[in-house]
Amino acid sequence: MSKVKVASNRITIDPITRLEGHGKIEIFLNDQGKVDRAFFQVPELRGFEQFTRGRPAEDMPQITSRICGVCPTAHHMASAKTLDDLYKVDPPPTAKKIRELVYSTFMVEDHALHFYFLGGPDFVVGPSAPAAERNVLGVIGKVGVEVGKKVIAMRRRLRDVISSIGGKVVHPVLGLPGGVAKRVTPEMQANCQEVATDAIAFATFTLQVFNDIVLANKDYVNLIVSDAFTHKTYYMGQMDANNHPNFYDGSIRVVSPEGQEVANFAAQDYLEHVAEHVEPWSYTKFCFLKSVGWKGFTDGPESGIYSVAPLARLNAADGMATPLAQKAYEQMYETLGGKPAHHTLANHWARVIELLYAAERMKELADDPELTDPNIRTLPTETPREGVGIVEAPRGTLFHHYVTDDRGVIEKANLIVATQNNSARIAMSVEKAAKGLVTRDKVSDGLLNMVEMAFRAYDPCHACATHSLPGSMPLLVSVRDKDGKPLHTLRRDFDGTVHHA
Amino acid sequence: MTTKEKPKVAFYWCASCGGCEEAVVDLAEGVLDVVELVDIIFWPVALDFKVKDVEAMPDGSILASFVNGAIRTTEQVKMARLMRKKSVVLVAFGSCAHQGGIPGLANLNDRESIFQTVYHDTPSTDNPEGVVPQVESRVNGHVLELPAFHNTVQALDQVVDVDYYIPGCAPTPKIILAAVQTLLSGELPPKGTTLAPDHALCEECPRKDTRPEDLALKEFNRPHQILIDEEKCLLAQGLLCMGPATRAGCEALCIQGNMPCTGCFGPTSRVKDQGGKALSALASIVDSNDEDEVERILEGIPDPIGTLYRYGLPASLLRRKVRAGNGEGR
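Heads up: the sequence lines are chains P and G, in that order. According to the numbering used here, the first sequence is numbered sequentially starting from 1. According to the numbering used here, the second sequence is numbered sequentially starting from 1001.
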């Protein structure tokens, strides 16, 4: 393990990679050479809440999808649901089923890609494997070339299902207040059924890969449950009437670090429960529970910081709505020693369980005889005023809230995006990893992967996950003197080789 | 993967959503064809970011750089200049780099109003001390920096010289593949060419036969107000379809989704201003000469600028809303 001598009190990790734009970590050392503070910064802002003012509300599903081209379907659906609420219009049952079918298809595609291309390599290949193998090629080496081809083909077929109903896959167009724009024909339904059947088999296989490679390895399980990757926070997720996670619709349930339900609210009440804190050093805001309050970057029941995304959803749930996912859910909590699980890295496991649920749900909806019903729209008749809509994006709870004039033109918009709910906990996770690894005397190249793993478990929305062919994140660590002059750089290339300069 | 003989290609992103990257990955098995032909030496989203390596390369040593996203921060200007310097051919990739894109709608506002809304006024924001992100801030004596945020969103060619354009939000895999093949053929089209068909979308619309010869409208409908016929020309249904003012090449995907074109491929080469073209197309189909009636008909288009210039405000003749006091400025 190579060492780097640090002569200053500041280390900058500036990866510019797999983040929307640019993510940066600043680590400051104290006089004893230990980490004093570490900051995860998001230096990006586009201002959608401001420039959507004046736009027709019915255009919002297509405008807000441009917030993220990786999860455009999440913004599109949250927006369409907000329009339902804005116009107080209830879509016909078939329209809801079409929306949820498209949404489930998107969740399968997105979660699968994360497992194989991004988060998975750390486990499938191994956290201590040579860095050169710790990427998707390593995954393929471990599970076989056929599987690699299977992932590419599965992704293409799932995305074709979304295009067939939603027009486009990068920025779909189906959502309207009160329904969807296009009917599903019997031919389209047959294709959805076929793809859904294969998706379940694919998800089952993926869970098996996780079982065989990760869970069968005691070291990996120990890593997942290690303290360096643990934070005890509140957890949030959208649930159906049985408190099973539902990505498309339901109520928002919050559980405490001890697993007790502390809130269960309808979308329209979100402002009573969620607030956003501002720091001068990041363009992103930090969400917290209003009832507990912002107490700084600290965990435990006294701090309002909460978490979203796969593990948080499962923590906030009482079980899963589909049989295979339920079985996997029980196995996970049995292995982790109960619920809630506070181990950040268990997000990878929870994600595979959700992948299976999404595939099972996709099949249920694809098989529904009502799917081809021509009644897909309820035309709005009410005067619009205000609406709120929520979905579970792959990376967590996504809130849209619009206020319009009588013509349905946006006067105000408020958007809390999935990863933003996690931003405080991500900042803590990065700081904890940095504190566990970095001292003035040594900056090991192991730092690179550990810091990476601390936020990779959450970060795909920053990371725009599915682009990422190599699972190994290239990193640049530069050590500067007090004037900001670089003294030393440690760079890891995409092939995993580490360079010192 | 470094083979000397292969031409070097780079990808970079500025103010964007990641959809352009998705579009490249959507080449699916086709990605492998591209990788066969070129050596991708820079793609921060997928490969090592190596900004320093790009800086160290001789000027002009990259055959083609594909840059997506609009220009909004100081850092993006710096990167655009670097990519320009190192590349023989610089391609503006996707609507945001091409024309400013949807983030360009922010030119109807300025930095102050965006910050006011995002960090003060939004109802979930809890900011009693009025904190706003700073280019430089101090926490316990530690200095932290952020790139500066411009007042005005710009298209790529408003910052650096651009050779070619690949339109679309996002460009389709088919357009991408064709553009890459054109660039690799060695027979380069004239500088400034948009690498997509040069005719209006209507000409290749699957519904074009249902468009009446002399289309005349007494009213415009918004998509949520009517049940949309899945076969018939959308303009003929009174929906504002941007097809007449928009370049073809997208395979009419939105129309196949039974929704109108919103104009993401920008104008054809014969049109300077897409919104102006759309306006003149609309003027010719409004069926009235009575001023009051025309006004009533146009009420069906509540947001003309945001609709007609949805993807191209920064590159249009309008560019931005005039700022009080100090004019345009960054």
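Since the hints were made in silico from the structure, they are not lab data. Note that this is a predicted model, so its numbers are computed, not measured. Careful, some of the hints might be misleading.
Said to hold, decoys possible - For lysine-lysine, the following BS3-like pairs were computed, each having C-alpha atoms within a straight-line distance of at most 27 Å:
(1) P:96 x G:1232
(2) G:1321 x G:1232
(3) P:339 x P:327
(4) P:327 x P:295
(5) P:149 x G:1052
(6) G:1052 x G:1078
(7) G:1174 x G:1218
(8) P:149 x P:232
(9) G:1085 x G:1232
(10) G:1232 x G:1008
(11) P:412 x G:1008
(12) P:295 x P:435
(13) P:149 x G:1006
(14) G:1191 x P:150
Said to hold, decoys possible - Every beta carbon over 10 Å from chain G, so not counted as near; a handful from chain P, in silico:
(15) 72
(16) 141
(17) 186
(18) 198
(19) 200
(20) 290
(21) 292
(22) 336
(23) 342
Each residue gets a CB set at the ideal place from its N, CA and C atoms; glycine is no exception.
Taking the hints in turn, this is what the structure says about them:
1. Distance restraint check for residue 96 of chain P and residue 1232 of chain G: the Cα-Cα separation of roughly 25 Å lies within the 27 Å cut-off, and the hinted pair is therefore satisfied.
2. Pair hint residue 1321 of chain G plus residue 1232 of chain G does not hold up; C-alpha atoms about 37 Å apart against a cutoff of 27 Å.
3. For the suggested pair residue 339 of chain P and residue 327 of chain P, the alpha carbons sit about 15 Å apart, so the restraint of at most 27 Å is met.
4. Taking the CA atoms of residue 327 of chain P and residue 295 of chain P, the gap is near 38 Å; set against the 27 Å cutoff, the hint is violated.
5. A C-alpha spacing of about 34 Å is found between residue 149 of chain P and residue 1052 of chain G, which places the hinted pair above 27 Å, so the restraint is violated.
6. Using a Cα cut-off of 27 Å, the hinted pair residue 1052 of chain G and residue 1078 of chain G holds, with the two alpha carbons roughly 13 Å apart.
7. Taking the CA atoms of residue 1174 of chain G and residue 1218 of chain G, the gap is about 38 Å. The hint is violated against a cut of 27 Å.
8. Taking the CA atoms of residue 149 of chain P and residue 232 of chain P, the gap is near 39 Å; set against the 27 Å cutoff, the hint is violated.
9. For the given pair, residue 1085 of chain G sits about 49 Å from residue 1232 of chain G by alpha-carbon distance, which is inconsistent with the 27 Å threshold.
10. With a C-alpha separation of about 46 Å, the suggested pair residue 1232 of chain G and residue 1008 of chain G falls outside the 27 Å cut-off, and the hint is violated.
11. The straight-line distance between the Cα atoms of residue 412 of chain P and residue 1008 of chain G is roughly 46 Å, outside the 27 Å bound, and the hint therefore fails.
12. Among the hinted pairs, residue 295 of chain P with residue 435 of chain P is consistent with the structure: their alpha-carbon atoms are about 20 Å apart, no more than 27 Å.
13. This hinted pair checks out: residue 149 of chain P and residue 1006 of chain G have alpha carbons roughly 25 Å apart, not beyond 27 Å.
14. Between residue 1191 of chain G and residue 150 of chain P the CA atoms are separated by roughly 41 Å; this puts the pair beyond 27 Å, and the hint is violated.
15. A beta-carbon of chain G is positioned within 10 Å of the beta-carbon of residue 72 of chain P; the least distance is around 7 Å.
16. The claim that residue 141 of chain P lies off the interface holds: its Cβ sits roughly 16 Å from the closest Cβ of chain G, which is beyond the 10 Å cut-off.
17. Against chain G, the non-interface label of residue 186 of chain P holds: every CB pair exceeds 10 Å, the least being about 15 Å.
18. Residue 198 of chain P, annotated as away from the interface, keeps every beta carbon of chain G farther than 10 Å; the closest lies near 16 Å.
19. Consistency note on residue 200 of chain P: stated as away from chain G, and its beta-carbon is indeed over 10 Å from all of that chain's, at 21 Å minimum.
20. Distance check for residue 290 of chain P against chain G: the nearest CB is about 8 Å away, which does not clear 10 Å, and the non-interface claim fails.
21. Under the 10 Å C-beta cut-off, the non-interface status given to residue 292 of chain P relative to chain G holds; the minimum distance is some 12 Å.
22. For residue 336 of chain P, the condition that its CB be more than 10 Å from all CB atoms of chain G holds, with the nearest at approximately 32 Å.
23. Every Cβ of chain G is farther than 10 Å from the Cβ of residue 342 of chain P; the closest lies at roughly 25 Å, confirming the non-interface assignment.
Of the numbered hints listed earlier, those contradicted by the structure are 2, 4, 5, 7, 8, 9, 10, 11, 14, 15, 20.
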